[in-house]
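With chain A held as given, fit chain B onto it using these hints.
Protein chains: 2
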Amino acid sequence: MELAKVRQYLKENHPRFVAELGEYIRFASISAQPDHRPQMEACAQWLRDHCEQIGLTAKLVPTPGNPVVVAKTPVQPGLPTFLVYGHYDVQPVDPLELWQSKPFEPRVAKNVMYGRGTCDNKGQHLAHLNAIEAYLKTGTPLPCNLTFICEGEEEVGSLNLAGFLQKHKAELACDAVVISDTGMPSRKHPALTYALRGVACLEVKLTGPSRDLHSGLFGGSVDNPAMALCQMLAQLRDKKGRITVPGFYEDVAALSAFERKQLARLPYKEAEYKKFLGVKTLFGEAGFTAWEQRTARPTLEINGLTSGYQGVGSKTIVPSWASAKITTRLVANQKPKQVLKAVSDHLKKLCPPTMKIAIEIGHAGDPYLMSPTSELAQAALRALKSSFQCEPVLLREGGSIPIVNDFKKILKADTLLLGLSLPDDNAHSPNEKFDLKIFALGMQMSATLWPELADKSSK
Amino acid sequence: MELAKVRQYLKENHPRFVAELGEYIRFASISAQPDHRPQMEACAQWLRDHCEQIGLTAKLVPTPGNPVVVAKTPVQPGLPTFLVYGHYDVQPVDPLELWQSKPFEPRVAKNVMYGRGTCDNKGQHLAHLNAIEAYLKTGTPLPCNLTFICEGEEEVGSLNLAGFLQKHKAELACDAVVISDTGMPSRKHPALTYALRGVACLEVKLTGPSRDLHSGLFGGSVDNPAMALCQMLAQLRDKKGRITVPGFYEDVAALSAFERKQLARLPYKEAEYKKFLGVKTLFGEAGFTAWEQRTARPTLEINGLTSGYQGVGSKTIVPSWASAKITTRLVANQKPKQVLKAVSDHLKKLCPPTMKIAIEIGHAGDPYLMSPTSELAQAALRALKSSFQCEPVLLREGGSIPIVNDFKKILKADTLLLGLSLPDDNAHSPNEKFDLKIFALGMQMSATLWPELADKSSK
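Chains as they are written, first to last, in our numbering: chain A, 4 to 462; chain B, 4 to 462.
Excised from the complex, chain A in its bound form (with noise of 0.2 Å):
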């Protein structure tokens, strides 16, 4: 496929798409606060007049919360179709004192553009879209059809998308999902992200005493919630890092050879991890390393203990009641219900006859994991590399991205997840900037994508 013309466009463009994501960052999008919904409006306005100019055909879908931007390709009947997925809205701004120039007026310096949403998403879906313009406006055929959908719900949970996708499900069919939103491990490792954790919540809680007991006249004689629960919470891992509860382990898909060397050639240096965690010592699964441990491994953590007195001083009680949150990360394939039953059933076992024991399941998530030896997998790690011009890496993530699991429960499509995103580019944080040349390679790497996923889908 000759795609000479559409790599100069984007080449010679540069400057203007520069301009354009610097007008995007503009628009004040905080999804979080109420009192942007005008600029928010405003921002959906601007991205789908934004897709039309470059020869789409958009629309703003109304959702019950922020609408929808919804983009197509000319259709081409026979062609296998690809579906990309962005966000437009961004996070609060504060604490804005440390921001060293205004998050919304873009400032570029050393190639490198600040501002609010630069790199979480708009900088990183703007790629996207400026690749298509090439093929549109240099006449270039798309050997696929495409849908673009940016929703305005990201960051405060996406609660509307799965009700958007359900109701929009035959327009938005597709081969296979698309998302630039998640990181690269370093400007030499461009990334394909093949797999997320899962996870699964609840909380425990013992009662022992109908109520806080005066230490003095009873303690001794009647069991203490905060200690039993200590002795319950202290059997679920053993000395090695190993959940102990039964079954666990039992669905977990293994780490193939192949896996595990291509997590072995992410960039990892032990004494930065440490000193960016604050942490004199790594603690984990004995037999797997840090990146495998924290994206590969399930994981039983303790988010919160609550018992009895937490005031100044001391308060000398046998408190009534003791409890503790507790979250799994899942991986695939593991079931979040059948972890959950798990870990209750080892639970209850554990309780001793001197309490009450309830146990309250939150909520859970499925882990995702496609296969990164698969045909579509494949053409991403080639669009990749002839793009950035190095050897991309297979990425697991130990988050979850549920929209992920939304796409693939509705529309039944796996999602290629080619972050942009530098670990230095402070999403969420004062001074968010996106690398201008990421930015660059991030079109040619959209641009390259297209025939290398075509030829494989429509095999």
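Hints are computed from structural coordinates only; laboratory data are not their basis. Heads up, some of the hints might be wrong.
Subject to a maximum C-alpha distance of 30 Å in a straight line, what follows is the list of computed DSSO-like cross-link-like pairs (lysine-lysine) [stated by the list, open to error]:
1) B:Lys440 to A:Lys318
2) B:Lys351 to A:Lys208
3) A:Lys340 to B:Lys318
4) A:Lys278 to B:Lys318
5) B:Lys272 to A:Lys359
6) A:Lys411 to B:Lys208
7) B:Lys242 to A:Lys352
8) B:Lys277 to A:Lys208
9) B:Lys208 to A:Lys242
10) B:Lys340 to A:Lys344
11) A:Lys242 to B:Lys359
12) B:Lys278 to A:Lys283
13) A:Lys208 to B:Lys191
14) B:Lys208 to A:Lys278
15) A:Lys459 to A:Lys411
16) B:Lys242 to A:Lys243
17) B:Lys278 to A:Lys351
18) A:Lys277 to B:Lys359
Reference excerpt, derived from the structure (chain B facing chain A, CB under 7 Å, subset only) [said to hold, decoys possible]:
19) Lys62
20) Phe221
21) Gly281
22) Asn306
23) Gly307
24) Tyr312
25) His349
26) Cys354
27) Pro356
28) Ile360
Just so it is clear, CB atoms sit at the ideal spot from N, CA and C, and this is done for glycine as well.
Quick look at chain B alone, frame taken from chain A:
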């Protein structure tokens, strides 16, 4: 010694004693509430006047807080001296709506007087004053000198008592102290309390990462302070309820066979005790009865746990820190400083290398023990037996009464705790009451006590 006249006087004057107790109760001498200061002063003045009326020399001794009433019998050189302690201040009355009659309008029904301060402590020390009155008014020679002190700050921590004792040490010199401010297990179990537990407090805080971390991004590769704390605390007590801190039991004075036999005489029904505490099952150090566990054995209790997120729902973090408040209850001959050191050292030893540990030492108080087979104790038991006409019991108290240690340290005197309060007398609660039969028996006991004590002290 001829006590017939004294006994007769007490019987004949009982109705007046009840009326005087009622008069005394009418003062709302709530030390915790500054707006009750005038009632506090009027109450102290009434008591001083009452002491003078019965033949004592009495005065109000100012302190930085409320004055102490000090009254003395006419000095008889060469005789032993005993000090009777009481307090004229009372607890607040809320919740007022739960009182069946007004707290400061004494009501007598079925030979019981209801009102705030009836048993805690006005009725109890008035019983002693009435006995002294009987000696003085019948011209019966007292076999000892008696000093009566009554403070106005017991319910707010006796903050000025140690200073008062120190300042008036010479004037307050005595052979033993008598306090009626504890309980008796039932009408048929008049009691001498001969031991109190001490207390020692500390707080332990573990810090892992320098801030709460995203459990998705980092969880699995970094230790969790809440889990580390649970695993440490879980190791402080074994399955048999024994504290596993090395050296914890080293100085513990073992219960003698005599003491265990005495404690076994105490009324106890497991089902009732469980119901009272609101627990399904009791738990304590194996090999000891519940009475022994809660009064004669040391304990280590977690009084509070704090870590991470405590609000509604879940927060997917690895918390930066976790802390626990811990108190130990101590028995003779444990030393608070040594126990705190042993617990601190053990916690430091248990702390994993992933955590920074900080231990803050809190307040401490010595345990108290006077020999239950001593001459003084035997004398008190004889007085209890002859007045109540049943076999008295020897009690240990699980809590602390710091003033007893003050008397020991400053006046070098042991304290006989001869409490007249029944378990259902509602001290500190609505509908506080005092049994007027016990009031009368308490006067008889006091009258009998002085010759018994004087006889043993002068030996």
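Now for the hints, and whether the structure bears them out:
1. At most 30 Å may separate the alpha-carbon atoms for a hinted pair to count; lysine 440 of chain B and lysine 318 of chain A exceed this at roughly 36 Å.
2. Restraint check for lysine 351 of chain B and lysine 208 of chain A: the C-alpha separation of about 28 Å stays at or below 30 Å, so the hint holds.
3. Distance hint between lysine 340 of chain A and lysine 318 of chain B is fulfilled; the C-alpha atoms sit about 19 Å from each other, no more than 30 Å.
4. Note on lysine 278 of chain A and lysine 318 of chain B: the hinted pairing holds, with a Cα-Cα distance of about 24 Å set against a maximum of 30 Å.
5. Taking the CA atoms of lysine 272 of chain B and lysine 359 of chain A, the gap is about 22 Å. The hint holds against a cut of 30 Å.
6. Restraint check for lysine 411 of chain A and lysine 208 of chain B: the C-alpha separation of about 44 Å exceeds 30 Å, so the hint is violated.
7. Distance hint between lysine 242 of chain B and lysine 352 of chain A is fulfilled; the C-alpha atoms sit about 15 Å from each other, no more than 30 Å.
8. For the given pair, lysine 277 of chain B sits about 20 Å from lysine 208 of chain A by alpha-carbon distance, which is consistent with the 30 Å threshold.
9. The hinted pair formed by lysine 208 of chain B and lysine 242 of chain A meets the criterion: a straight-line CA distance of about 21 Å does not exceed 30 Å.
10. A distance of roughly 46 Å separates the Cα atoms of lysine 340 of chain B and lysine 344 of chain A; the hinted pair therefore is violated under the 30 Å criterion.
11. Restraint check for lysine 242 of chain A and lysine 359 of chain B: the C-alpha separation of about 18 Å stays at or below 30 Å, so the hint holds.
12. With a C-alpha separation of about 48 Å, the suggested pairing of lysine 278 of chain B with lysine 283 of chain A is violated against the 30 Å cut-off.
13. Distance check on the hinted pair: lysine 208 of chain A and lysine 191 of chain B sit about 42 Å apart at the alpha-carbon level, beyond 30 Å; violated.
14. A threshold of 30 Å between alpha carbons decides the hint, and for lysine 208 of chain B with lysine 278 of chain A the separation of about 21 Å falls inside it, so the pair holds.
15. Taken as a hint, the lysine 459 of chain A and lysine 411 of chain A pair is honoured in the structure, with Cα atoms around 19 Å apart against an allowance of 30 Å.
16. Between the alpha carbons of lysine 242 of chain B and lysine 243 of chain A the distance comes to roughly 23 Å, so the proposed pair stays at or under 30 Å and holds.
17. Restraint check for lysine 278 of chain B and lysine 351 of chain A: the C-alpha separation of about 23 Å stays at or below 30 Å, so the hint holds.
18. Among the hinted pairs, lysine 277 of chain A with lysine 359 of chain B is consistent with the structure: their alpha-carbon atoms are about 14 Å apart, no more than 30 Å.
19. Violation of the interface hint for lysine 62 of chain B is found here, the shortest Cβ-Cβ separation to chain A being roughly 35 Å, above the 7 Å cut-off.
20. Because the smallest distance between the Cβ of phenylalanine 221 of chain B and any Cβ of chain A comes to about 6 Å, under 7 Å, the interface hint for this residue holds.
21. At about 3 Å, the closest approach between the beta carbon of glycine 281 of chain B and any beta carbon in chain A falls short of 7 Å, and the interface hint on this residue holds.
22. Interface restraint check: asparagine 306 of chain B against chain A, minimum CB-CB distance 5 Å, threshold 7 Å, status holds.
23. With a least beta-carbon distance of about 4 Å to chain A, the hint placing glycine 307 of chain B at the interface is held under the 7 Å criterion.
24. With a cut of 7 Å, the hint placing tyrosine 312 of chain B at the interface with chain A holds, because the nearest CB-to-CB distance is about 4 Å.
25. For histidine 349 of chain B, the suggested interface contact is broken, since its CB lies about 15 Å from the closest CB of chain A, more than 7 Å.
26. A cut of 7 Å between beta carbons decides the hint on cysteine 354 of chain B: the least distance to chain A is about 11 Å, and the hint is violated.
27. A least Cβ separation of about 5 Å between proline 356 of chain B and chain A falls short of the 7 Å threshold, and the interface hint therefore holds.
28. The restraint placing isoleucine 360 of chain B at the interface with chain A is violated, with a minimum CB-CB distance near 11 Å, outside the 7 Å limit.
Of the numbered hints stated above, those contradicted by the structure are hints 1, 6, 10, 12, 13, 19, 25, 26, 28, listed in ascending order.
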